[in-house]
Every structure is written in C-alpha cells, then in structure tokens.
Amino acid sequence: KAGVTQTPRYLIKTRGQQVTLSCSPISGHRSVSWYQQTPGQGLQFLFEYFSETQRNKGNFPGRFSGRQFSNSRSEMNVSTLELGDSALYLCASSLVVGYEQYFGPGTRLTVT
Amino acid sequence: DAKTTQPTSMDCAEGRAANLPCNHSTISGNEYVYWYRQIHSQGPQYIIHGLKNNETNEMASLIITEDRKSSTLILPHATLRDTAVYYCIVRVAFANAGKSTFGDGTTLTVKP
Numbered sequence: 025k026a027g028v029t030q031t032p033r034y035l036i037k038t039r040g041q042q043v044t045l046s047c048s049p050i051s052g053h054r055s056v057s058w059y060q061q062t063p064g065q066g067l068q069f070l071f072e073y074f075s076e077t078q079r080n081k082g083n084f085p086g087r088f089s090g091r092q093f094s095n096s097r098s099e100m101n102v103s104t105l106e107l108g109d110s111a112l113y114l115c116a117s118s119l120v121v122g123y124e125q126y127f128g129p130g131t132r133l134t135v136t
Numbered sequence: 027d028a029k030t031t032q033p034t035s036m037d038c039a040e041g042r043a044a045n046l047p048c049n050h051s052t053i054s055g056n057e058y059v060y061w062y063r064q065i066h067s068q069g070p071q072y073i074i075h076g077l078k079n080n081e082t083n084e085m086a087s088l089i090i091t092e093d094r095k096s097s098t099l100i101l102p103h104a105t106l107r108d109t110a111v112y113y114c115i116v117r118v119a120f121a122n123a124g125k126s127t128f129g130d131g132t133t134l135t136v137k138p
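Keeping their order, the protein sequence lines are chains B and Y.
Residues in the first sequence are numbered from 25 upward in steps of one, following this note's numbering.
Residues in the second sequence are numbered from 27 upward in steps of one, following this note's numbering.
Please keep in mind that the hints were generated in silico from the structure rather than gathered at the bench.
Don't take every hint at face value.
[Claimed, not checked] Computed footprint of chain Y on chain B; a stretch qualifies when at least three of its residues, placed anywhere within it, have a C-beta under 8 Å from a C-beta of chain Y:
1. 85-95
2. 121-132
[Unchecked claim] Restricting the straight-line Cα-Cα distance to at most 25 Å, the calculated cross-link-like pairs of lysine to aspartate or glutamate (DMTMM-like) are:
3. B:K81 - Y:D130
4. Y:K78 - B:E124
5. Y:K95 - B:E76
6. B:K81 - B:E124
Note that this is a predicted model, so its numbers are computed, not measured.
All C-beta atoms, glycine included, are put in the ideal place defined by N, C-alpha and C.
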C-alpha cells in the first residue's frame, strides 16, 4: 500500500507570494493533519480534516488555510508569505480521527 | 493534551537494548501514549501506542507504569538505523485527536 505523498517536495517562494501544498493520504484513510516543523519551534500542529471538515486547528494566523476533498486528498495554502514561514510542512493521515498517524516526507518551503 | 518530558539525548551501543523514558505525570484517564520517531529530514514514523497495558510490535515494546505517569519505549536490539529523534506524545484517542502535541523529543544516537 502506498504511503502518504506530498507535492511538491521542495519549493522556493518570495515574500508576499502565496503557496499551495498538496497531500494524498494512504488509501482508505479519511483523516489528514498538517504540521509545520522549524528548528526553533519544532513540530507544530496546523489543522486536521476529516470528511472534508476541519476538525481541529492550531495557533496559526489566518494566512494558513486548508481544505480536504471528497477523495480525502488535502491541500494547504499560505498567503502573503513571510520569511518565518520557511519550514518543513508535514502531512499525516490516519484511518479515522484518533488513530495512529502516518506522515509523508514533507514539503520543504523556503521563503526568500 | 498532557505535556510530556523526555531526556534531550541518549546514546546506545549497537546491538544493545535502547530504553527511552517519558514522563507524563498529568496524563488523563482517556489519553493514550504514542511514540513516533523522526530520522533526519524525513517525516515522523509511527512506532507504537498504548493506554495502560504493555504493548509490543515488530519495532518496539512500550512499558507503561501502573499509575500511567511514565512510560518507556524499548528498542530490543538497536541498530545504527535507529538513530533518530524519538517523540513521546499523549493524546485523547477517537475525539479531536488529530492534534498531536510534539515536544522536543529525545535524540537517540546508536554507536557502533
């Protein structure tokens, strides 16, 4: 069974631009969560989706948004990029909310 | 979600058992203990989880104290590939549980 896939793997953007990251969960998994990982803050929870509904949200500004499609694939969007948004963005899927999560390889975003 | 405390770093000789402790003294009755690990620049990998009974799978064993205030992850025969950051997380399962709060984890270095 294929694992969680994330695209793109690497991305370079300029301050002020926006970016969309994509995540395809493991087949059959319906819950998708997003995390941001930086050297200074570690792994921080962004949001979680289940059945196309946002179930939980972390403490991030409104510039960070996401959505989930009917096939459980998910996207997250960051608008008006700031230098501090440079990070590894990780997507994790689970069968349903509350089960163990399986992480993708992440998207490395660099904002210049 | 309860807060966890882990040692910053640990060393282990290759072939020996690695015992990684985690303190979660404020754990609630409905919170599970989860362990993940992250090898450099990869997404975290699920290892094992438990509620109050000891658990074992093909990767590791999880020992939870009777009062549930601490646990130990055991890698029975550590290899160089087990060098990683190990995260202990406690969270409620099956309800708003996509939000996993990751601490700083323990950096385990397996030495030849």
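Each hint tested on the structure:
Counting residues of the stretch 85-95 of chain B whose CB lies closer than 8 Å to any CB of chain Y gives 0, which falls below the minimum of 3, so the coverage claim is violated. Chain Y is given as covering the stretch 121-132 of chain B, and this holds because 10 residues of the stretch bring a CB closer than 8 Å to a CB of that chain, at least three being needed. For the hint linking K81 (chain B) to D130 (chain Y), the alpha-carbon distance of about 21 Å falls within 25 Å, and the restraint holds. This hinted pair checks out: K78 (chain Y) and E124 (chain B) have alpha carbons roughly 16 Å apart, not beyond 25 Å.
Between K95 (chain Y) and E76 (chain B) the alpha-carbon distance is near 36 Å, which puts this suggested pair outside the 25 Å criterion. For the hint linking K81 (chain B) to E124 (chain B), the alpha-carbon distance of about 18 Å falls within 25 Å, and the restraint holds.
Against the hints set out earlier in the document, violations occur for numbers 1, 5.
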